[in-house]
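Colleague: From first to last, the protein sequence lines are chains A and B. Those letters in the first sequence? Residues 1 to 203, per this note's numbering, in order. Those letters in the second sequence? Residues 1 to 111, per this note's numbering, in order.
Think of the hints as simulated: they come from the structure by calculation, not from any bench. As the structure is a computational prediction, the values presented were derived from the model and not from experiment. Using N, Cα and C, we set each Cβ at its ideal position, and we do this for glycine too. Mixed in with the good hints there might be a few duds.
[What the hints assert, rightly or not] Which residues of chain B face chain A? A few of them, derived with a C-beta cut under 8 Å, are:
1) F24
2) Y45
3) T72
4) L80
5) V93
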Amino acid sequence: MSHDTTHASPAHHEEHEHQESPVVFGFWVYLMTDCIIFGTLFTVFAVLSHQFAGGPTGKELFDLKNVEIETAILLFSSITYGFAMLGAQAQKKAATLGWLFITFLLGCSFVFLEVNEFTDLIAHGAGPDRSAFLSAFFTLVGTHGLHVTCGLIWMVVAFIQILGKQGLGSRMISKLTCLSLFWHFLDVVWICVFTFVYLGSVL
Amino acid sequence: MSQTHTTTQEGESHGSAASYVIGFVLAVILTVASFATVLSKAFSYWTALVVLSILAVVQIVVHLVFFLHMNTSSKQRWILMTFAVTVAMVMIVVVGSLFVLWNSQAHMMVR
Chain A
1 MSHDTTHASP AHHEEHEHQE SPVVFGFWVY LMTDCIIFGT LFTVFAVLSH QFAGGPTGKE
61 LFDLKNVEIE TAILLFSSIT YGFAMLGAQA QKKAATLGWL FITFLLGCSF VFLEVNEFTD
121 LIAHGAGPDR SAFLSAFFTL VGTHGLHVTC GLIWMVVAFI QILGKQGLGS RMISKLTCLS
181 LFWHFLDVVW ICVFTFVYLG SVL
Chain B
1 MSQTHTTTQE GESHGSAASY VIGFVLAVIL TVASFATVLS KAFSYWTALV VLSILAVVQI
61 VVHLVFFLHM NTSSKQRWIL MTFAVTVAMV MIVVVGSLFV LWNSQAHMMV R
């Protein structure tokens with residue numbers, strides 16, 4: 001019995017120290033499955049990217065100015081989330097919340113620009129029902145936008161939880177680490193979107 | 001023991017402000033290069049596409065290293081393994097589909 005307790009204590013200690021690892025790794029595996037979803041959608045876009053059905057082509061539709069601004073916003077939000085993460089690791093609540101708030105605003109403006117672009121396209125008769133090319137475009141870019149929106153909702157939840165009694169405990173840190181992976185992952189997907197969807201279509 | 005722990009903690013998943021700023025500057029340079037490739041119209045279609053692909057891959061690596069803090073330490077072994085498997089699967093899907101469909105379209109002359 002005493003043998004058990006002496007052994008249980010260091011084991012428990014170690015488990016506590018590495019508590020965040022399985023959570024973060026599990027989330028990473030989820031991101032990898034998401035990666036396959038996006039890989040498939042990119043393939044669909046590549047296959048259908050010349051099937052215009054007599055409708056408008058990407059060259060005529062895409063406004064690169066808008067894409068530049070969206071890209072800049074996402075890049076900035078990546079680094080501001082990084083600073084929020086550094087604040088959380090240093091247990092600085094005010095800095096964490098401040099940077100999270102800035103990241104949230106940047107994310108909102110990204111979604112706003114994207115929704116604007118979509119409604120514009122649909123208003124000009126270039127909705128997802130116009131051609132296979134546009135169906136693939138709306139599916140791919142829309143899925144990315146939906147992910148960003150989910151990230152924003154998650155950010156609000158994290159913000160409220162940090163203000164609550166949970167503060168910046170180890171559970172919260174591992175949640176913020178997962179959200180950080182998610183947010184940076186979406187930026188990686190966006191690299192492929194602006195390269196292959198927008199720039200590739202304008203070429 | 002405590003020493004190894006601090007080193008793994010630092011090397012694990014936490015960047016520093018400097019690493020975020022370096023990653024950010026590199027990402028900005030690569031993004032500007034991508035847009036410049038297209039807007040300058042300096043390359044033919046296929047050359048531009050190859051240049052864009054290379055820039056995108058380099059930028060993805062920059063993001064993975066500086067923002068997602070991937071490295072080759074033993075603590076990250078499973079992260080790297082799962083990542084490698086995913087990249088392999090995505091490549092099979094992308095390259096395989098494009099290869100097959102390109103061929104079928106070429107033979108049926110629908111383009």
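Colleague: Taking the least C-beta to C-beta distance, is L80 of chain B closer than 8 Å to chain A?
Modeller: With a closest approach of 10 Å, the L80 of chain B hint is violated.
Colleague: Close enough to count: is the Cβ of Y45 of chain B nearer than 8 Å to one in chain A?
Modeller: holds (6 Å)
Colleague: Would you check whether V93 of chain B satisfies its interface hint, that is, whether its CB is within less than 8 Å of any CB in chain A?
Modeller: Holds: closest Cβ of chain A sits about 5 Å from V93 of chain B, inside 8 Å.
Colleague: Just to be careful: measuring from the Cβ of F24 of chain B to every Cβ in chain A, is the smallest value less than 8 Å?
Modeller: Because about 5 Å separates F24 of chain B from the closest Cβ in chain A, which is inside the 8 Å limit, the hint holds.
Colleague: Can the hint on T72 of chain B be confirmed by a CB-to-CB distance to chain A that is less than 8 Å?
Modeller: It is violated, given that the least Cβ distance between T72 of chain B and chain A is near 16 Å, above 8 Å.
Checked against the numbered hints above, the structure breaks hints 3, 4 and satisfies the rest.
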